[in-house]
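Chains as they are written, first to last, in the working numbering: chain A, 1 to 119; chain B, 1 to 267.
A portion of the hints provided could be inaccurate.
As the list claims (entries may be wrong) - Using C-beta positions, here's what the derived DEER-type ranges look like:
no., chain 1, residue 1, chain 2, residue 2, range
1, B, Met-103, A, Ala-50, 43 to 53 Å
2, A, Glu-95, B, Leu-80, 32 to 42 Å
3, A, Pro-58, B, Met-103, 46 to 56 Å
Hints are computed from structural coordinates only; laboratory data are not their basis. Idealized CB from N, CA, C, for every residue including glycine.
Each chain, written out:
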Amino acid sequence: MTPEKFRAMVSTVLIVGVAISAALIGVGFVGALAVGWHGSLVGGAASSGATTDFSNLPGRLATLEPAAISQLGLATLLATPVARVAASVAGFALERDRLYATITLAVLLILLTSIFVLR
Amino acid sequence: MAAGLIGALAGVGGGILVIPALTILFGVDIHLAIGASIVSVIATSSGAAAAYVRDRMTDMRVGMFLELATTTGAVCGALLASVVAPALLYVLLGLVLLGSAGMHVSRMGEETPPTDPPSELALRLRLTSSYPDRKLGREVPYSARRIPLGFALMWGAGMVSGLLGIGSGVLKVLAMDGAMRLPMKVSSATSNFMIGVTAAASAGIYLGRGDVDPQVAAPVALGVLAGALVGARLLHHISNRTVRLVFLPVLVVVGLETIARGLGFGI
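Looking at chain A on its own, in the form it has when it is part of the complex:
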């Protein structure tokens, strides 16, 4: 893989992550203006609970709850840097840069540890 392609790939991962999250956050935000954060865009019953509660995301997404759509967007945004590091591991490996593939893999593992283990 050429350095140019590598850069384009990392850049694309970031753009796609940002675009998906911006779209979801935006749809949720506009939806909230229409039916409220806990309403339903398909006319279902309004849910209850705090908008800071990220639990039962799939169930609330099924009723197109604006808060849930924005939460999915925020979660996608928070995952974007992790996806970028993962893409960099692949990029350095394809560039046959052993040293940096190893360094980046170590960063990815430390990152995942701190997200899922240290709470």
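Chain B: place on chain A using the hints.
Structure of chain B alone, referenced to chain A:
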């Protein structure tokens, strides 16, 4: 939006603007404001870095190499958080930032760093490169100096993030520009690239704690993203000197804000 614009140019997260704006202007709870600022740091970083990486402003090797230091530092910081008194730490950090403002002023006139031959270590770690400067209209070569010092400072920056829950983009820029003598624009773009990872490392904690509220974070994220995209376009057209001029007030304000927090004035 202003937070995203300045963040993209200075290589720092928008937190310094987002937190006081939300708490003082909109009366938002401090925890939700910090949660929104974590989101804004990642939005600034990802939005601006997409352009910087493609345009060869970000040095990905420098970034990845130093992320090794910041992530391990952050884990150590998080583990030590219950042992160390944060008040003293805030004051010390604030003094370091204000002190480095002096160094920053003395470098104000310098457009590109000196081009001494690269060190053995820089060659072995492949930390020599160049970036296209559209303002100067040429390719500017550079190589990382004082790599162990830069690595140690980055470890400290990660440690501070883990201990205090802040992004520490300012410390990252200082380590790359001040210690490693990378060009200011490269330092800023690479710091931008890195702060998203630092923030993502602690994002899970904030989500779980219920500090991320879409009611606050959704509008902030959209505004900051828009600002970051504009800022990332602007960086090409301004000089290293101008980037320093944007960075200096950020440095002083963050320094003062940090000391104030250490002394117990909540912002």
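Check your understanding: Between Glu-95 of chain A and Leu-80 of chain B, does the beta-carbon spacing fit 32 to 42 Å?
Key -> Holds: the Cβ-Cβ distance is about 36 Å, inside 32 to 42 Å.
Exercise for review: Take the C-beta atom of Met-103 of chain B and the C-beta atom of Ala-50 of chain A, compute their distance, and say whether it sits inside 43 to 53 Å.
Suggested key: holds, 46 Å
Review point. Does the hinted range 46 to 56 Å hold for Pro-58 of chain A and Met-103 of chain B at CB?
Key: holds, 52 Å
In the structure shown, no violation is registered for any of the earlier numbered hints.
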